Amino acid sequence: MNKISAVHVEAQHEISLGKTILLCLPMMIITVMMLSHGQVPADPASGIAFGIAFFFINGIFFLMIRTGETDRFRSLLFVTYAACFVISFISHLIEERGSMAISRADMIEGLTPFCHMVIPMTIIPAALTKTIIFPGTIIGGFTSIVSVFVLWIGASLALGRGFCSWACFFGGMDEGFSRIFQKARIKSIDSRFTYLPFAVLLVVVLGAAATLSPVYCEWLCPFKTITEFAEITSVKIFIQTIIFISLFIILVVILPALTKRRTQCSLFCPMGAFQSFTNKINVFEIRVDPDKCIKCKKCMAVCPTLSINEETIARGRTGITCMKCGKCIDACKQKALFYHIKGTPLDGGHREICRRLFLYTAFLFLATMSGGFVQDAIVRIIKLITSGSMI
Amino acid sequence: MRLDGFFLGLSNGVACLATCAPLLVPYLLGEGKGLFRSCLLTGQFLLGRLLGYLLFAMIAWTIGNKVFQEESLRPWIIGTAYVLFSVLLIFYGFLKKTDSSCPTVWKQKSCQRLIAFWPALLPVAAGFATGLSLCPPLLLALTGAAAATSLPAGMIYFFSFFLGTSALFILVPFIGLFSRFPVLQIIGKTAAGIMGFYYLYSGIILLIQGWKGYE
Numbered sequence: 001m002n003k004i005s006a007v008h009v010e011a012q013h014e015i016s017l018g019k020t021i022l023l024c025l026p027m028m029i030i031t032v033m034m035l036s037h038g039q040v041p042a043d044p045a046s047g048i049a050f051g052i053a054f055f056f057i058n059g060i061f062f063l064m065i066r067t068g069e070t071d072r073f074r075s076l077l078f079v080t081y082a083a084c085f086v087i088s089f090i091s092h093l094i095e096e097r098g099s100m101a102i103s104r105a106d107m108i109e110g111l112t113p114f115c116h117m118v119i120p121m122t123i124i125p126a127a128l129t130k131t132i133i134f135p136g137t138i139i140g141g142f143t144s145i146v147s148v149f150v151l152w153i154g155a156s157l158a159l160g161r162g163f164c165s166w167a168c169f170f171g172g173m174d175e176g177f178s179r180i181f182q183k184a185r186i187k188s189i190d191s192r193f194t195y196l197p198f199a200v201l202l203v204v205v206l207g208a209a210a211t212l213s214p215v216y217c218e219w220l221c222p223f224k225t226i227t228e229f230a231e232i233t234s235v236k237i238f239i240q241t242i243i244f245i246s247l248f249i250i251l252v253v254i255l256p257a258l259t260k261r262r263t264q265c266s267l268f269c270p271m272g273a274f275q276s277f278t279n280k281i282n283v284f285e286i287r288v289d290p291d292k293c294i295k296c297k298k299c300m301a302v303c304p305t306l307s308i309n310e311e312t313i314a315r316g317r318t319g320i321t322c323m324k325c326g327k328c329i330d331a332c333k334q335k336a337l338f339y340h341i342k343g344t345p346l347d348g349g350h351r352e353i354c355r356r357l358f359l360y361t362a363f364l365f366l367a368t369m370s371g372g373f374v375q376d377a378i379v380r381i382i383k384l385i386t387s388g389s390m391i
Numbered sequence: 001m002r003l004d005g006f007f008l009g010l011s012n013g014v015a016c017l018a019t020c021a022p023l024l025v026p027y028l029l030g031e032g033k034g035l036f037r038s039c040l041l042t043g044q045f046l047l048g049r050l051l052g053y054l055l056f057a058m059i060a061w062t063i064g065n066k067v068f069q070e071e072s073l074r075p076w077i078i079g080t081a082y083v084l085f086s087v088l089l090i091f092y093g094f095l096k097k098t099d100s101s102c103p104t105v106w107k108q109k110s111c112q113r114l115i116a117f118w119p120a121l122l123p124v125a126a127g128f129a130t131g132l133s134l135c136p137p138l139l140l141a142l143t144g145a146a147a148a149t150s151l152p153a154g155m156i157y158f159f160s161f162f163l164g165t166s167a168l169f170i171l172v173p174f175i176g177l178f179s180r181f182p183v184l185q186i187i188g189k190t191a192a193g194i195m196g197f198y199y200l201y202s203g204i205i206l207l208i209q210g211w212k213g214y215e
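Just so you know, the protein sequences line up as chains P and L, in that order. Under our numbering, the first residue of the first sequence carries the number 1, and numbering increases by one thereafter. Under our numbering, the first residue of the second sequence carries the number 1, and numbering increases by one thereafter.
Treat the hints as calculated values from the structure; they're not laboratory data. Please read all numbers here as calculations on a predicted model, not as lab measurements. All C-beta atoms, glycine included, are put in the ideal place defined by N, C-alpha and C. Wrong hints could be hidden among the right ones.
[Claimed, not checked] For each label pair, taking beta carbons as the anchor points, the in silico distance ranges come out as: (1) L:Phe197 <-> P:Ile254: 17 to 25 Å; (2) P:Ile180 <-> L:Val87: 32 to 40 Å; (3) L:Ala15 <-> P:Phe55: 54 to 62 Å; (4) P:Ser103 <-> L:Gly13: 33 to 41 Å; (5) P:Val146 <-> L:Ala15: 25 to 33 Å; (6) P:Ser389 <-> L:Phe174: 54 to 62 Å; (7) P:Lys333 <-> L:Val183: 29 to 37 Å; (8) L:Gly13 <-> P:Gly98: 40 to 48 Å; (9) L:Phe174 <-> P:Phe238: 38 to 46 Å; (10) P:Asn309 <-> L:Phe174: 28 to 36 Å; (11) L:Ala15 <-> P:Gly98: 54 to 62 Å; (12) L:Gly13 <-> P:Ile294: 30 to 38 Å; (13) P:Thr143 <-> L:Leu40: 42 to 50 Å.
[Stated by the list, open to error] Stretch-level coverage of chain P by chain L, calculated; a stretch enters the list once three of its residues show a Cβ under 8 Å from a Cβ in chain L: (14) 189 to 198; (15) 201 to 215.
[As the list claims (entries may be wrong)] Some chain L residues near chain P, calculated using beta-carbon distances under 7 Å: (16) Thr19; (17) Ala21; (18) Ile186; (19) Ile187; (20) Thr190; (21) Ala191; (22) Ile194; (23) Leu206.
Start from the sequences and build out the full structure, keeping to the hints where you can.
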């Protein structure tokens, strides 16, 4: 550990080993059940994957509790989750269809996995026409519409926009690229750009209502590049393909690397903008202690979503777009920022309890969402090493 | 008043509102005016649509319906209107300054001068462009108007069709109630700009289609 990190860890509240293990025990019990599905692994590869996933996930949680740092360890699991999701999802698609491209026939059959990004676009058409404008299955099959809706409602109630930093597999992509360089090459981003996701949200919601089709998925979603996309059968689909690949390269790869911000999530994603409103109904928030804050603006500099500015600091809280990743809390040497539960006292005595309650909730979501993908990706990597193919 | 035209319009009112809302809602939010001013802006938008419809009626009567029914000609008409309108919309969304206090109007760009000279240009052009969509109900109205015995009768048929399609627009100006949130102005304007790119794309594609059809 380098000198700066060591000082920083000391500045945080480090707790004893015994207490840490005791606090990690509930997470270990839950994850062992969740990862094993109550069964002994069927083959050696699954056993190895189970072991690695269990120790990796619980190791991360142990470090969060022990060191008092949140974001550094969350990020490690979050980025791993995103990478494992890509490996697992693409392998599944190739197994099922033989290609990442989805044909018109498969769409008509309702074989497209439902994605949470579609949720904002489905609401008005569902209210007007009583139909879900997505070529997926309502119940059953791989990621059905009902299962994603239930998961999203649960995550929104539990985490608010924390969903974007603790549950969304796409978020880990630009988070990963945002950590490539030590320093930001582009330091200032005009704050007006933070309204862009809300404008995109407005356009896609109204556009979906007008055309009764998921316009964001058809035209803009950059993540089609690493998941699935429509088979190129016309000029229109060809143009759509150019658009989403360009957006992926610019918003998910280049800009996060240059700015050290999550540019796709904070400057473009309509689902992220939609999710911001759920911060209003969620009990967890990040607050700023004005007595401790020395206005060093370190939190503003590190916030990956530009959710902190002088105005929000003056109000003693983060902006509506806050993803509760904890990066600002880790960066603040004065410990002026902290997790808080709405309606509870703001005094220092409750802060660690609030953080732990948030961590149990958020980490459980991250572990639940990532566990299956991490295990599957490990199994496929073992397959690749032993047989030369992931499929 | 031709009631069949009115009812034809009324039965397609939801579709018309759904077509116009992605354009009109961001524009009204972007303007950030109150309820009464939003009523005026919606009125200007509807005036643009009415002008589009009446133009249809006039051309249909003068040249004949074939000009619109002709597959090869349709993309040229709509494509050109969309491209011209998209330029205005992109300018409005991304380039127009909200502060119009600068007295040196002559120094401003041509689009800015144009909008400063005639503020109603954008809503009227928006209404006109969306009115040109040549959707199935409009083509049906064209057939209905063709049965009219004179030009005024054809225009009255289109006017009653317009009234029918506009009934649901009465809800739209209530967006003006959100004018006290200045943030919505930025969001609305940006969304209008994004819609401009969509119209630009649609216009170019239509022109390419027209050109290929011409070949």
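Status of each hint after checking the structure:
| no. | hint | result |
| --- | --- | --- |
| 1 | L:Phe197 <-> P:Ile254: 17 to 25 Å | holds, 20 Å |
| 2 | P:Ile180 <-> L:Val87: 32 to 40 Å | holds, 38 Å |
| 3 | L:Ala15 <-> P:Phe55: 54 to 62 Å | holds, 58 Å |
| 4 | P:Ser103 <-> L:Gly13: 33 to 41 Å | holds, 37 Å |
| 5 | P:Val146 <-> L:Ala15: 25 to 33 Å | holds, 29 Å |
| 6 | P:Ser389 <-> L:Phe174: 54 to 62 Å | holds, 59 Å |
| 7 | P:Lys333 <-> L:Val183: 29 to 37 Å | holds, 32 Å |
| 8 | L:Gly13 <-> P:Gly98: 40 to 48 Å | holds, 46 Å |
| 9 | L:Phe174 <-> P:Phe238: 38 to 46 Å | holds, 41 Å |
| 10 | P:Asn309 <-> L:Phe174: 28 to 36 Å | holds, 32 Å |
| 11 | L:Ala15 <-> P:Gly98: 54 to 62 Å | violated, 40 Å |
| 12 | L:Gly13 <-> P:Ile294: 30 to 38 Å | violated, 59 Å |
| 13 | P:Thr143 <-> L:Leu40: 42 to 50 Å | holds, 47 Å |
| 14 | 189 to 198 | holds (count 4) |
| 15 | 201 to 215 | holds (count 6) |
| 16 | Thr19 | holds, 6 Å |
| 17 | Ala21 | holds, 5 Å |
| 18 | Ile186 | holds, 5 Å |
| 19 | Ile187 | holds, 5 Å |
| 20 | Thr190 | holds, 4 Å |
| 21 | Ala191 | holds, 4 Å |
| 22 | Ile194 | holds, 5 Å |
| 23 | Leu206 | violated, 12 Å |
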